[in-house]
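**Q** As you go down the protein sequences, you meet chains A and B in turn. Under our numbering, the final residue of the first sequence carries the number 689; numbering is consecutive throughout. Under our numbering, the final residue of the second sequence carries the number 504; numbering is consecutive throughout.
Note that these hints are calculated values from the structure, not bench results. Careful: at least some of the hints might be erroneous.
Simulated crosslink set (DSS-like; lysine-lysine; CA at most 30 Å straight-line) [stated by the list, open to error]:
{"#": "1", "chain 1": "B", "residue 1": "Lys-369", "chain 2": "B", "residue 2": "Lys-282"}
{"#": "2", "chain 1": "A", "residue 1": "Lys-269", "chain 2": "B", "residue 2": "Lys-261"}
{"#": "3", "chain 1": "B", "residue 1": "Lys-504", "chain 2": "B", "residue 2": "Lys-489"}
{"#": "4", "chain 1": "A", "residue 1": "Lys-269", "chain 2": "B", "residue 2": "Lys-241"}
{"#": "5", "chain 1": "B", "residue 1": "Lys-390", "chain 2": "B", "residue 2": "Lys-315"}
{"#": "6", "chain 1": "B", "residue 1": "Lys-261", "chain 2": "A", "residue 2": "Lys-263"}
{"#": "7", "chain 1": "B", "residue 1": "Lys-428", "chain 2": "A", "residue 2": "Lys-482"}
{"#": "8", "chain 1": "B", "residue 1": "Lys-212", "chain 2": "B", "residue 2": "Lys-261"}
{"#": "9", "chain 1": "A", "residue 1": "Lys-536", "chain 2": "B", "residue 2": "Lys-428"}
Sample of chain B residues lacking proximity to chain A, with all beta carbon distances greater than 10 Å (derived) [stated by the list, open to error]:
{"#": "10", "residue": "Ala-199"}
{"#": "11", "residue": "Asp-269"}
{"#": "12", "residue": "Gly-281"}
{"#": "13", "residue": "Phe-295"}
{"#": "14", "residue": "Gln-299"}
{"#": "15", "residue": "Thr-309"}
{"#": "16", "residue": "Leu-352"}
{"#": "17", "residue": "Ser-353"}
{"#": "18", "residue": "Met-403"}
{"#": "19", "residue": "Thr-437"}
{"#": "20", "residue": "Gly-472"}
{"#": "21", "residue": "Val-502"}
Derived list of chain A stretches under chain B, where covered just means 3 residues or more per stretch with a C-beta under 8 Å from a C-beta of chain B [as the list claims (entries may be wrong)]:
{"#": "22", "region": "102-115"}
{"#": "23", "region": "230-241"}
{"#": "24", "region": "305-315"}
{"#": "25", "region": "566-579"}
Idealized CB from N, CA, C, for every residue including glycine.
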Amino acid sequence: MLVFIHIAIPLLAQGVNDTIQLEAVTIYGIPLPNYAVGSKMQEVDSVQKMEYAANTLAQLLQEQTPIYIKEYGSGQLATISFRGTGASHTKVLWNGLSINSPTLGQSDFSTLPVFALDNIAVQYGGASALYGSDALGGTILLGNNTLQFSRKKSAILQQSVGSFGKLFSGVSAKYGNQKAVAQTKVYRSSQGNSFKYRDNQKVSTQNHTATLNYGLMQQIGYKFSEGKQLVFNGWYAFNFRELQPAISAQSDDVLQDENIRLSLDYYSHSKFGFFNLKAGYVSDNELYNESSSIKATQFVGRINYDKKINKKASIKIGGNWNTTTADVHSYQSKTSENSADVFALIKYKITEPLLLSINLRKSFHSSFKSLFTPAIGISWRAAKSIQLKGQFSRNYRVPTFNDRYWVPGGNPDLKPEDGVSGEIGVLYKQCGSNWSWEAEFTHYRMLTNDWIVWVPHTAGLWLPNNIRKVKSNGIEVVTKATMRFQNFRWTLGGNYAYTKSTILQDERTIANVGNQLAYTPFHQFIVYQKLKYKTWRWSINANYTGARYTNLSNANDRFGLLPSNILLNASLGKTITFKKTVLDISFDFKNILNTSYQNLLNRAMPIRNYNIGIRYHLNFNN
Amino acid sequence: MNTLKKTVFSFSILVLVFLSSCNPDDEPTAIVPTGEYAKGVFIVNEGNFGASNGTISYYNSTTKTAVQDLFGIANDNALLGDVVQSFYVDGLKGYVVVNNSNKLVSVDYDTFKLSDTLTTDLANPRYFTTHNGKGFLSNWGNFDANFRLDQSYVAVIDLSTLEVTKKINTDNGTENLLVVKENLFASSNFTNSIAVINPTAETLSKNIEVYFAPSEMVEDKNNKLWVLCTGTFGGNDGRLYKIDPVSLIKEDSIMLGINPAGRLAKNKAGDALYIIQGTKVYEIAITDTALPNTPLIENTSVTQFYGLGVDPETGEIYVADGAGFQGSGTVYRYDSDGTLKGDFPAGMGPNGFVFK
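With the rest of the complex left out, here is chain A (with noise of 0.2 Å):
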């Protein structure tokens, strides 16, 4: 009778999730990702959400993935390039609502705390199939673990302490019964009005730079009867920081953004399937130098049903309605947008070695012609140790409030970018007794037209037209060898992206085209080793990132080119039980080669700095 799905999520993941092993959870249907079959995932593991515990999602990331996260400097807004793609082109979904600014269109990843974050997933390449406007260069899917009905009560108390007046702290607490659970979470993180940074081979002090960041998340499960509940998530964040000037500006800039997120789920599963009716809340309150200025909500309403057909089909329906409202200090009045979505996720075994799935989905907006986004993806075991993926998609973007509502310059005549993107991937596993090796490699191509830029027009005045033809293609290679003797497990990782994203044709400066796109690496690498002995780990994290030109001249002065960097971390842990309670320390050592560096041109970053945190699990199982 009971058809829970037991599945460790995602189904391709490649993370370096090697020290535990991935919990089973029990979910209602088939999560959204597991319909992209032959797109490539990454999960973030336990042991690394635990040493990024008092970070943030930028620096986890930037460190981990060969993704570059455009930092303002040292905790300031850190927005992201996916597969040479640019800040609004990476969709984010907290719990399944998108947490992107529906005024600015993109996330920052330095007000994303990894503390609140139980799932952290990325999944590459476009996914508007599945997830709507927004997933060109790729998609983060964040959120909370499925609620476990149960008496067992536990709590994580976190301090941090850090250089450079760095403090986290964090309370995490799970209780309930078999009918009705709760996670609670409450965290707070802080940093010093000062750093030190290396410049023309000098160490000066970045002063303005302060920030504080607090927040409270609460979840609560109730279950009805077995297979049906209600689940409610609720996020709400204060952020606050010193606007860090340029080196050599000056600043006295504040930035204040309060959000608040809330979603109510109704699960329920009988012989007809699994049914869920969700209603979401963003609201998103922005105030720069203590002047209300930016403020939007979002009301989110979603219906899904899922059926497993028969053993070979699953399929999944469902529809969602969407009404964001603006109110921003630069419009000319309160603007509010309606869009609707309607989907069909079909996955298909055609034999046991053999997935196909057929996605198709189709957007009506308010202001814009309907979009049919459809996506197909196939996975071949083609051996026991080797699968050969593709999948093929179309993807898009609506303009933000800002570029169509803006006084002056917003454009109401602008057309959503629309892309197409594919990709063809091999996935090599083979494991022995006591070791194990996976590599997996993947080749993308993407096309996305009516790329929106602001451009000059008239005297003074900007307006963004559609005018620009991108085409981004690269290579990704993942690999990991993990090996176990005795009390010693070892683990080796590599992960190199190289990423080329031109501009094909741009209606407005010529002598652009065939150019990289701004802060877009070529080449980026990421070498790793993890050790575990007993109680004790051991990991270094090498990253090398490469040149980049920081405008579209790619020239090779001083202003138009970083230069490449490798920043080398490591960390040292050590975890001590007591019957019910495991106290963790660690040791974090950052930038240990004390390079002077800067994501964004001119933005100063901290040289060599350090971390200890504790970390007190209790558990009270009756």
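Since the structure of chain A is already known, use the hints to place chain B on it.
**A** Just chain B now, kept in the frame of chain A:
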């Protein structure tokens, strides 16, 4: 005859005195610039806001070569700063106004070696000029929480110590500065007024009402002041004003029918003005009553003209393509009849020229 002899005699003495002052043992005031950049064209490159990549480029019009990032080359790769707004040369000293770094940097203009830096008493500095040994620097002032300016002013600067000695309050967004006939004119870009300052008394004498967004100013061959107002956003209502610098009477006003960029330059003879808009350069004679329908220059391969200047010796027109600040700019050189003579690369966001 006698008078003539006397005159010739006194003149030769004068010449002797002048010649002897060229002796290296004498006063330093007469030292002629001998550095690499003594003669040529300086290009002001704003840079991207918040990227500290503003620079000054140099173009040698004889050898037709361009040098980028003069300040970095001359000063061990030091950064000039964030948003290099303007450059002014007085004698041997060059003064660079760095807007978002809130500083005035003085250099030996012919070598571009750093001389001194002024960082106090400035708030969003914009343009600089000198008169009778004193410096004047326009400042927008600071923006408050609601993006309103607190107080714009013109700072009076002691050039020997590079210190602000006085602030003369002006209307919002004080921008361009020009001395004509012992009056210092300051255009207040966020308003419709021009401040008239007595540079000796260091006081505001009067505000002249013009049209929206007064920006650059020039002095024509008849010593009249011309002010370019860019007008309202999208209103196609830019205007040119002709003002008598002594009586302060507005003698003429020309409706342009376009919103030009805030740049104004005069030709070699001083009897015609150039303005830029988009990919076009217009020429308007000082006797014209309207803007000609056809531009003197149209260059459809540029993104947008952003900087404008005229070589006072050759009359060549220099126009800079800002390339939408997405990549480094390009400078195009034209004959006064509009014939393209060549182009050379500039830095990020070239907004103006200084000819030496």
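**Q** Identify every previously stated hint that the structure contradicts and give their numbers, smallest first.
**A** Violated hints: 10, 13, 20, 22 and 23; rest satisfied.
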